[in-house]
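**Student:** Each chain, letter by letter, is given below.
There are 2 protein chains.
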Amino acid sequence: MRQSELFTKTLKTVSAEEQSINARLLERGGFVYKNFAGVYSYLPLGLRVLNKITGIIREEMNAIGGQETMLNSLQDPEVWKRTNRWSDNEVDIWFKTKLKNDTELGLGYTHEEPLAELLSHYVNSYKDLPLYVYQFQTKFRNELRAKSGLLRVREFLMKDLYSFTRNEEELAEFYEQAVGAYLKVFKQVGLGDVTYRTFASGGVFSKFSDEFQTVCESGEDTIYLDKVTKIAVNKEVYKDEVLTELGLKKSDLEEVKSIEVGNIFKLGTRFSEALGLAFTDEKGQKQPVVMGSYGIGPGRVMGTVVEVSSDDKGIIWPENVAPFSVHLIELPGGDAKELYSALLEAGIEVLFDDRDASPGEKFADSDLIGIPWRVVVSKKTGDKVEVKRRGDTVVKLISQTELLKLVK
Amino acid sequence: MRQSELFTKTLKTVSAEEQSINARLLERGGFVYKNFAGVYSYLPLGLRVLNKITGIIREEMNAIGGQETMLNSLQDPEVWKRTNRWSDNEVDIWFKTKLKNDTELGLGYTHEEPLAELLSHYVNSYKDLPLYVYQFQTKFRNELRAKSGLLRVREFLMKDLYSFTRNEEELAEFYEQAVGAYLKVFKQVGLGDVTYRTFASGGVFSKFSDEFQTVCESGEDTIYLDKVTKIAVNKEVYKDEVLTELGLKKSDLEEVKSIEVGNIFKLGTRFSEALGLAFTDEKGQKQPVVMGSYGIGPGRVMGTVVEVSSDDKGIIWPENVAPFSVHLIELPGGDAKELYSALLEAGIEVLFDDRDASPGEKFADSDLIGIPWRVVVSKKTGDKVEVKRRGDTVVKLISQTELLKLVK
Chain A
503 MRQSELFTKT
513 LKTVSAEEQS
523 INARLLERGG
533 FVYKNFAGVY
543 SYLPLGLRVL
553 NKITGIIREE
563 MNAIGGQETM
573 LNSLQDPEVW
583 KRTNRWSDNE
593 VDIWFKTKLK
603 NDTELGLGYT
613 HEEPLAELLS
623 HYVNSYKDLP
633 LYVYQFQTKF
643 RNELRAKSGL
653 LRVREFLMKD
663 LYSFTRNEEE
673 LAEFYEQAVG
683 AYLKVFKQVG
693 LGDVTYRTFA
703 SGGVFSKFSD
713 EFQTVCESGE
723 DTIYLDKVTK
733 IAVNKEVYKD
743 EVLTELGLKK
753 SDLEEVKSIE
763 VGNIFKLGTR
773 FSEALGLAFT
783 DEKGQKQPVV
793 MGSYGIGPGR
803 VMGTVVEVSS
813 DDKGIIWPEN
823 VAPFSVHLIE
833 LPGGDAKELY
843 SALLEAGIEV
853 LFDDRDASPG
863 EKFADSDLIG
873 IPWRVVVSKK
883 TGDKVEVKRR
893 GDTVVKLISQ
903 TELLKLVK
Chain B
503 MRQSELFTKT
513 LKTVSAEEQS
523 INARLLERGG
533 FVYKNFAGVY
543 SYLPLGLRVL
553 NKITGIIREE
563 MNAIGGQETM
573 LNSLQDPEVW
583 KRTNRWSDNE
593 VDIWFKTKLK
603 NDTELGLGYT
613 HEEPLAELLS
623 HYVNSYKDLP
633 LYVYQFQTKF
643 RNELRAKSGL
653 LRVREFLMKD
663 LYSFTRNEEE
673 LAEFYEQAVG
683 AYLKVFKQVG
693 LGDVTYRTFA
703 SGGVFSKFSD
713 EFQTVCESGE
723 DTIYLDKVTK
733 IAVNKEVYKD
743 EVLTELGLKK
753 SDLEEVKSIE
763 VGNIFKLGTR
773 FSEALGLAFT
783 DEKGQKQPVV
793 MGSYGIGPGR
803 VMGTVVEVSS
813 DDKGIIWPEN
823 VAPFSVHLIE
833 LPGGDAKELY
843 SALLEAGIEV
853 LFDDRDASPG
863 EKFADSDLIG
873 IPWRVVVSKK
883 TGDKVEVKRR
893 GDTVVKLISQ
903 TELLKLVK
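First to last, the protein sequences are chains A and B.
Note that this note's numbering has the first sequence beginning at 503, numbered continuously upward.
Note that this note's numbering has the second sequence beginning at 503, numbered continuously upward.
Just so you know, the hints here were simulated from the structure itself, not pulled from any lab data.
Wrong hints could be hidden among the right ones.
Chain copies aren't distinguished; within one or between two, either way the pair holds.
[What the hints assert, rightly or not] List time: in silico DSSO-like cross-link candidates among lysine-lysine, alpha-carbon distance up to 30 angstroms:
#1 K752 x K649
#2 K751 x K907
#3 K709 x K600
#4 K649 x K600
#5 K785 x K864
#6 K890 x K641
#7 K511 x K788
#8 K886 x K511
#9 K907 x K737
#10 K511 x K890
#11 K689 x K536
#12 K864 x K629
#13 K785 x K514
#14 K641 x K536
#15 K815 x K864
#16 K785 x K598
#17 K815 x K629
#18 K788 x K910
#19 K511 x K785
#20 K598 x K641
#21 K689 x K737
#22 K737 x K602
#23 K511 x K583
#24 K536 x K600
#25 K583 x K788
#26 K629 x K898
#27 K898 x K839
#28 K583 x K602
#29 K839 x K629
Modelling step: build the complete structure from the supplied sequences, incorporating the hints.
**Tutor:** Put into structure tokens, the structure is as follows:
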């Protein structure tokens, strides 16, 4: 797209309230706009990044058999009372609202209840299982304090997948497949090297849950990490007996700060029993469905990528989630229009800086926005182009044919 | 996809409360699930249709220069008080909620205010305009009575585009482009022949707004239609002086029932003045931005397609919005697995009924779900296949090669 047509502009500064790297750089670059505390709008550049991330997640969820749906935000209290999660005493992050006739409704902060209720109308027999159902859907969480930019917000898109299996073994098998899919997602979005499966507290139905924690100095969480086995333990379960059980030695573990970018839970039959989600097994016996839940917040992933991948000039987007692959910059004396067309024709995503602005301003904006390849056409470059990788210092003069090969 | 893996099943009946054709067929076919009055979940088949419709709309919005964003549902009252649309006395469809500290928030029922406020941070000069910004975003409307299935709901996806122009002429020019884009959308989703640009009440800043009304017996609206000029007038402006102004004769007009599938408004400067969205013109004068708004609800479009395109056996999806192109049915003695692979390889979207069910059940389900091409492989068909168009009665026996050509 032509940058002259993009409605956002980069900003020199943002409110001093915004202290996190991700909020400051994403607002300055024109990726998001802060409406008020914990509520951000996605602008064209930001939505492109978000869509790249959801695309990667969708592919991996489909690969492990996920069926995509889209449930609602408005929640019927009756369904939630059956699992004892309606009362504000039990769940302190509900946003609640009312119909005209004063009936109370909630805004979904997760979707175990409505999905289990829904599936109780479709699941009858062991032949109907296992099932894996997911969605990308907006969650509302009434956080006391929103903070850290996109990392803790009050309204956000979430990929939530739920597994419905016949027994604990089938759950365990799918759960490990989901771990694999999650690790693939984090690898593809550029967080693979610093994201670790992390044992965390399991709640009522399971000894452990698993978090995916990205090591990052600005993180809110503390984990203990074995860099050799690539296994980590959350502070809340960092106890001698747990380490022994997991075969980890205290001396191998390093205490680091981290950001939780995903979490998965074995839920057992808590929700299915309460909501009447049962099946008839091979022997004709009614059995409750065994459930699991698997979450990733694409916006939090986006914020985390910025936290771990930036420098003092701006963001450094990993290839797969960058809003564009190429930032084509036209400087005085150069004409990049034909190259722009050639790149588009080759199927390459290009932001074309055709603005009437100084070279210094264009370079500074390019560093801030952080697109992987910066390509300059100017009087100096003649029939060649100057190409530089964001984050690198090496600048190369190459032909347009070489460029097309390079960035494809 | 293999139908044996789809978690939904067709239903013989639905609640007698559901009286509309769209709700009854979409629930029976497993496209949507009714959570409670006015709140529907989209199941895999329904989400596929919804995504087809949003894809068509997105393409047309991009073609007229739209830039895609994603704003929030949670709304800051301060922004809405500035346009006098916060109070329940002024706007009676708000859902409201509260933060932990008792600050009231709203759930967006439209987005003129937050988008104008947002753009006031990016628009300064006449050079920054015109701008066209849109989103696909969930709207919440506290309707006293939800009814007619997907046609009047309390939570729904909406495509809302807003135009920001320098003057009335520029608005008028874009407005007509938007009319053209809307007509293209309705043509592509299969409603072209029965959808009419309809003059309606314009509110404070304009004599008329335009609705797009689909003629349908079950519609809630009444319009007066000139079938020759393809222009209609909403009942609310069906007055002698209006007809004269539009050059319409009462004798040429037919009173028909219809469903509003889109509407567009000239907003003038009401919102921009209240929210400080202004630009400096060529002469250095500050001017308020001239706005327009343009809405289509993809879910309502989906419901409308079903209202106008079904028979007593089920839905008849138009090609472009069908969940799949081909419903491949394997009957006893036939083996359709290779053909299934061949169709997938050719890039055709196929629902493969590989279930262990009777031919009668499979045919009935196929008619209910309404995929355009029904292809049967059985003992009888030999090395050929039996192909039938949904809604047609003609059944043809053709070779697999011919089939691939036919459905491509």
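**Student:** The structure should be examined with respect to each hint, and the outcome stated for every one.
**Tutor:** Here is what the structure says about each hint:
no.	hint	result
1	K752 x K649	neither (32 angstroms within a copy, 62 angstroms between copies)
2	K751 x K907	neither (48 angstroms within a copy, 64 angstroms between copies)
3	K709 x K600	neither (38 angstroms within a copy, 36 angstroms between copies)
4	K649 x K600	both (28 angstroms within a copy, 18 angstroms between copies)
5	K785 x K864	between (71 angstroms within a copy, 27 angstroms between copies)
6	K890 x K641	neither (39 angstroms within a copy, 43 angstroms between copies)
7	K511 x K788	between (60 angstroms within a copy, 20 angstroms between copies)
8	K886 x K511	within (29 angstroms within a copy, 60 angstroms between copies)
9	K907 x K737	neither (47 angstroms within a copy, 61 angstroms between copies)
10	K511 x K890	within (23 angstroms within a copy, 54 angstroms between copies)
11	K689 x K536	within (29 angstroms within a copy, 38 angstroms between copies)
12	K864 x K629	between (60 angstroms within a copy, 18 angstroms between copies)
13	K785 x K514	between (69 angstroms within a copy, 27 angstroms between copies)
14	K641 x K536	both (17 angstroms within a copy, 19 angstroms between copies)
15	K815 x K864	within (13 angstroms within a copy, 61 angstroms between copies)
16	K785 x K598	neither (44 angstroms within a copy, 50 angstroms between copies)
17	K815 x K629	between (57 angstroms within a copy, 27 angstroms between copies)
18	K788 x K910	neither (55 angstroms within a copy, 46 angstroms between copies)
19	K511 x K785	between (65 angstroms within a copy, 23 angstroms between copies)
20	K598 x K641	both (13 angstroms within a copy, 16 angstroms between copies)
21	K689 x K737	within (24 angstroms within a copy, 58 angstroms between copies)
22	K737 x K602	between (46 angstroms within a copy, 28 angstroms between copies)
23	K511 x K583	between (48 angstroms within a copy, 28 angstroms between copies)
24	K536 x K600	both (27 angstroms within a copy, 19 angstroms between copies)
25	K583 x K788	within (23 angstroms within a copy, 56 angstroms between copies)
26	K629 x K898	neither (60 angstroms within a copy, 34 angstroms between copies)
27	K898 x K839	within (20 angstroms within a copy, 52 angstroms between copies)
28	K583 x K602	both (21 angstroms within a copy, 21 angstroms between copies)
29	K839 x K629	between (59 angstroms within a copy, 21 angstroms between copies)
In the structure shown, a violation is registered for the earlier hints numbered 1, 2, 3, 6, 9, 16, 18, 26, in ascending order.
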